[in-house]
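S.K.: Since the structure of chain G is provided, determine the placement of chain B on it from the hints.
Top to bottom, those sequences are chains G and B.
Numbered by our numbering, the letters in the first sequence go through residues 1 to 177 in order.
Numbered by our numbering, the letters in the second sequence go through residues 1001 to 1103 in order.
Watch out, some of these pointers could steer you wrong.
[To be verified] Sample of chain G residues at the chain B side, in silico, Cβ under 7 Å:
{"id": "1", "residue": "4"}
{"id": "2", "residue": "23"}
{"id": "3", "residue": "28"}
{"id": "4", "residue": "46"}
{"id": "5", "residue": "54"}
{"id": "6", "residue": "69"}
{"id": "7", "residue": "100"}
{"id": "8", "residue": "107"}
{"id": "9", "residue": "142"}
{"id": "10", "residue": "144"}
{"id": "11", "residue": "153"}
Please keep in mind that the hints were generated in silico from the structure rather than gathered at the bench.
Every residue, glycine too, gets a C-beta built ideally from N, C-alpha and C.
In case you want the letters, here they are:
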Amino acid sequence: MMPEAITFAIFAFVALAGAVVMLMAQNPVYSAVGLLSTMFALAVMYILLDAHLVAAVQVIIYAGAVMTLFLFVIMLIGVDRPNAYGARPRVEKVMTAVVASVFFLAIMLAGWGAWVTGSAAFGTPDLNGTIEKVADELFGTWTIVFLSTVMLLTIAALGTIALAYFGGPGDDEEVTQ
Amino acid sequence: MSDIVSVEWYLILAAALFALGVAGVMIRRNALVMFMSVELMLNSVNLTFVALSKELGLIEGQVAALFVMVVAAAEVTVGLAIIVAIFRVRSSANVDELAEMKG
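If we strip away everything but chain G, and leave its shape as in the complex, we get (with noise of 0.2 Å):
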């Protein structure tokens, strides 16, 4: 019947699932393997919508790298201190409750005052993010964007080795200032 359809609510729930356990799970590394099905079915959407680069890279750099570096920070620091929802006062839960329905009913309320108005009808045929159409984007009318994203990569490079060497117990000064 509707494959798209099956997929897609199979997908939500996958992200959704994985965006709850890592909300609730006590263990760092059951959030890092929560937030990581997310992504993956982030990926399963942006195929669904026609995005296959934005697909590619959402597996390669956030489920390949980001995470990655997480575990491996986990791992580093340590997991045995349970930290975790369960031990939160009760006023901080609800609050916490109010505030997230307010961003999502907020976020619902904006969308829907530009549905009433009409939109198009959903998907055009010959858009397909291929890497000729989005490289053809990124490096012809994006280039000075693309270049500063390159100049932020090598900051934030030297700034994390920066971090690695002065960021010892007996640098606490250069850490500090």
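M.R.: Just chain B, lined up with the frame of chain G:
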């Protein structure tokens, strides 16, 4: 083919993921898990970009999603380095125990 799941469903999913990320930043006190929640919020915004890119027939949405990923990668690198540096000094990743800058 593409009109079976309309863009509204993608936006609702993105809003739900963003709300869960906000809840994660508020309720968790482990710096690592707070960081993951920020990543979740960035991911949900990416989903919005790509869904609206499809809706409007503009490839710019996907380009914006790629830029968000680059910035998120830089942010994760520096943020995790800061967490590790703090942990080396304080032996804790709990943000409630880091109150030196309180006025």
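S.K.: Look at each hint and say if it fits the structure.
M.R.: Now the hints, each set against the structure:
1. 4: 5 Å, holds
2. 23: 5 Å, holds
3. 28: 5 Å, holds
4. 46: Interface hint status for residue 46 of chain G: holds (6 Å vs cutoff 7 Å).
5. 54: It holds, given that the least Cβ distance between residue 54 of chain G and chain B is near 5 Å, below 7 Å.
6. 69: 6 Å, holds
7. 100: This interface hint holds because 4 Å falls under the 7 Å limit.
8. 107: 4 Å, holds
9. 142: 6 Å, holds
10. 144: The hint is violated - residue 144 of chain G has no Cβ within 7 Å of chain B, the shortest such distance being about 12 Å.
11. 153: 5 Å, holds
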